[in-house]
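Here is how the chains run, residue by residue.
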Amino acid sequence: MYTVLVCDDDLAILDSLQIYLELEGYQVLRAENGRQAIAQVEAHTVHCAILDIMMPGLDGLQATLRLREKNNIPIILLSAKSEDTDKITGLSFGADDYVTKPFNPLELMARVKSQIRRYTALGAMEQKEGVITTGGLSLDTLAKTLSLDGEPVRLTATEYGIVSVLMENLGRVLSTAQIYEAVWNEPAYAAEKTVTVHIRRIREKIEINPKDPKYLKVVWGIGYKMEKY
Amino acid sequence: MDTRWKNIKTSPWAKLIALLLTAVLLFCSGFYASLFLRSVLLYNCGQANSFVESYAFHDLMSAYERAILSGAEQASVTSYDEWLKTDQGSGMEKNDKIIAEKINAAFDLLDGSGLDTFVTDDNRWRYALDENGDGVYDVYFNYQGTVISKKAFESLQYSGFDPEEIADADDEDATVPTRAAVLTDESGKAYVFDPAKDAYVPVDTEGTAATTLQPQAQETDGLNKQTAAISQALYYLDSLGGDTCYGLASRETLLERYTMQKDNWSKPDTNAPGTGIRANDASAHYAVFVSSTGNLVTNCGVTKADSEAEILAKLGGAYAESWVNGVYTRISGEQAQAAHGLLGNLHDALYGSSDPLELLQGDGIYQPIERAYFSYTPSNAEDAFTLAKLGYDDFSARSAQSPAVCLVLACVLFLLACICGIWLSVVSGETAQGVRVRWFDKIPLLFRAAVLLGISACFIALLCGICFVSFYAGETIYGYSFFQASRFLAQAPNGLTALAVLLAGLPLLALLCSVVRTVRTRTFTRYTLCHWVLGKPLRWLWGKLKKLIEKVVYILAVDYQKDGGKKFKILSLLAVAGFLILSSLLFFLSGLERLPLLFFLLWVCNGAVFLFAGLLIVSLDRIMAGASQIKQGQLDAKIDTRFMPGFMKQFAADIMSIRDGLNQAVDSAIKDQKMKAELITNVSHDLKTPLTSIVTYVDLLKKCEIEDEDANRYIGILDEKSQRLKTLIEDLVEASKASSGAIELHPVKLNLNEFAAQIVGEHADALEAQGMELILKTPETPVTVTADAQKTSRVMENLFTNISKYGLEGTRVYLDVLESEQFGCMILKNISRFPLDTPAEELTRRFVRGDSARGGEGSGLGLSIADDLCTLQGGQCIVSTDGDLFKVTVALPRA
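One line per chain: the protein sequences are W and Z, in this order. Its first residue numbered 8, the first sequence is counted upward by one per residue in my numbering. Its first residue numbered 1412, the second sequence is counted upward by one per residue in my numbering.
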């Protein structure tokens, strides 16, 4: 059984989070501010931490920094701050994920699950030949399968082609024309729409929140890229 | 940096070091100045580049005059007594006696004649005789003994001889007699008086001059006997040497000079080259033909029969010159001016150095010379030339620096000492507590200056003394000897001179420091004698003057606020009118009366107006520049109000207060903006936190297995409305940020073709699910705009959300990419599900929705946000409706 630390100064939110997590079968540790969170992590084995940012005393960002000094457990920041700059700040402080309030409970649980799976699988995963991995996403080019956090993802042939092109160029931005030419193997002519629609569909399958993608990111006006983790 | 500098300024050690440095620099400067002086004296301002050009050489050659003429070289005598027994020696002795008698007789005559002496402007002596003893001079003499007119006596400035002038003088004053004598003009050409023609005629250069040297009988010129005797005595004395005309030769010096001294007859004196008789130096070769006796005086085997070429060959030598029939020729050697010693003096021996009568009679040993040759050959023999050369080389070595280098060094070092001293004077009063005066500064300036300048003057006088004495040490009875002067100077060590410079400089430095200290503490006037005596009345006067000035300023002050510029206009008019009246009056008067004072006043008046106009222009220029800066948004602009007239200062102050107002406005606007952004963030946080609980607990409620149908329906409504609240809050925050501009933009070059395709990809599926087909049309060439990609995608998302809410099922949606001159555009067209009864321009307002019933789930902010975001990026979002056709144009500035 995995243990999740929840930290929020709003007790109502804290309670609801505990209920959701226990429903999912996790053991829950509670903390009302950053100091308590750090004490909890030091006292127990924690597999994932959910921290609010705006808390009295030690806030979530500072707590993340402190935790990162000794620990590499997944940290999900939970905050009412929804600006892009807030997200970037949070991630650069060492958090693994950033969820804005009001959050969708299902989405949050999916994220917790994903983080724990990756955290616990870490090290056990052996590097197989012909397998390209980024974060929890891994593409087996020999078996022609894609798996997300260890679970297989069902893809059509075209979708697989697009994913494999993007995975082979991890972190690089590919234009729709480039993707089209590589997958369909014919010169691109007004084919952008075809590619972009497929991309959207792939995102539905591999992203927890397709509107806020983690892996397959859109670079507006230029193309798409598979984020490298 | 500043504090370190301050520490240096106040540190007594730094000052001590500066003082020592100044002293050392001053000393060195003095040292080099002394070296320079010595070099200049020795080498005649640096022209003596070699031995033969030096005065040492010149002096040696002079010594040959008497030697050659006395024939010393011909006798193989070794002592004075032996020499006296020779013909030449006995002749010389006899001659000395004759000359001594003549000198005594001449001085006796002059002493007993009542002759008065005068020194004229050209520093030569002239004489006048009061024959009758009535206090009126009857006869005036030239230094040569020539009787001249009173006018000539009073005004004559000796400047060479011009026969025409003398002739003119004769015409003017018939009483001026002329005596037969050979005179040379400035070019050295000789003239002799011809009584038959009653004029001076040039001397025949073929050597016939001697025959025309007929002195005229004195009485026939109308002079009395005494005058003639005096004239002759003066003439005789003058003929003995150049220094008599300067009054330098007394009876004793002349007797000494024209008496052969036993002491001089000895081996060459190594310490004093130029003294003694020199005739057999191995370095010197000569041949002198004496025309009157037909003798040849030579030391190198020249015979009378030798041609000139043979003579020169026998002379040999590195340096040689000849004098033939009055013409000098430099045969070989250095091109120099200094070395006419021998031949110049021989020339004197011919024409100046003896009584012409005796010369003609052959009575005496001074004999006219026909030709003369001299050569100098450097040799190692122990003769005077070699010794002199050794001395010269030694001296050159000791003054290794050229005079120019010494002078430059002295000047540079002096300059450095000045800089050091000035620095010292500037920091001398500095203490940690600011500038302070010392007890010494409180002594009245007059006494301070008197003491310090006095000390300095003493040493300056000493310096002058050294120079003066050194220079005059060069004076010898034979003329000026630089060699002698430099030898004397060598006895005054350079160090002594340098010390004198140092001791002369330090009191001046002390005075400077003291004055600077008092000036810096503004006590310069306080510590003066004047202040002691006149301090109180002056202060009283100054107070009165100040009050007066304040009164005038008050009268002239212009205050627009008070009188709307009435005073300014009146004063300006008065000033212009006053100037016009005054200047025209002055102009008229000065023209009329030609009075220089009025003319001067006119110029003063014009100058004052010019100055005032200049000040006005400068002031106006500064104010204009300041206003222009403020206009360009430079709100920290300042206007320099120095030298501005009062009313211009007021003007500048007004502009400044406008600037301050603007500054405040801008500041408060920025503050407002910041506060607004902060407020939005806080409100959104405070709204979102409780909403989070509502959303999650409603979700949890849904999970509870509740039997009651109604309860489940209520929960469903709660869920729906809480989700709607969530959307509303997010949109509200977004909208307020967009409209207030509290949003950060990151504009990039955006390819609209690719962008539109990506947008279509994001939304095509959702629309198709609602039965709408999305058609994209892009031009062949990519359209590029400058826009923030994230925000633009947000705009498009809002528009597509709109379509999915209000679009009619089963219709087509068009997205066209176009470009105009300024903009790249995306045009989105669809058919509305509801009739569009709201005017198009109102649709972009906040909370306005196409369906007035407000039944849908939208917030009514989507189009408003889209519009604000486009506007922020410098673009536009234009909504138009045509029946059921809904068209939105997103225009963004082209890259």
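By construction, these hints were calculated from the structure, which means they are not laboratory data. Only a predicted model underlies this, so the values are computations on that prediction, with no experimental measurement involved. By construction, the Cβ of each residue, glycine as well, lies at the ideal position given by its N, Cα and C atoms. Any given hint might turn out to be false.
Which stretches of chain Z does chain W cover? Using the computed rule of at least three CB atoms under 8 Å from a CB of chain W, they are [to be verified]:
| # | region |
| --- | --- |
| 1 | 1947-1959 |
| 2 | 2152-2166 |
| 3 | 2171-2180 |
| 4 | 2199-2209 |
Right, here's what the structure says about each hint:
Note: the region 1947-1959 of chain Z has 0 residues with beta-carbon separation from chain W under 8 Å; the three-residue rule is not met and the coverage is violated. Given a C-beta distance limit of less than 8 Å, the hint that chain W covers the region 2152-2166 of chain Z holds, as 9 residues qualify and 3 suffice. Check on the region 2171-2180 of chain Z: 5 of its residues sit with their Cβ under 8 Å from a Cβ of chain W, so the three-residue criterion for coverage holds. By the rule of at least three residues with a Cβ nearer than 8 Å to a Cβ of chain W, the coverage given for the region 2199-2209 of chain Z holds, with 4 such residues.
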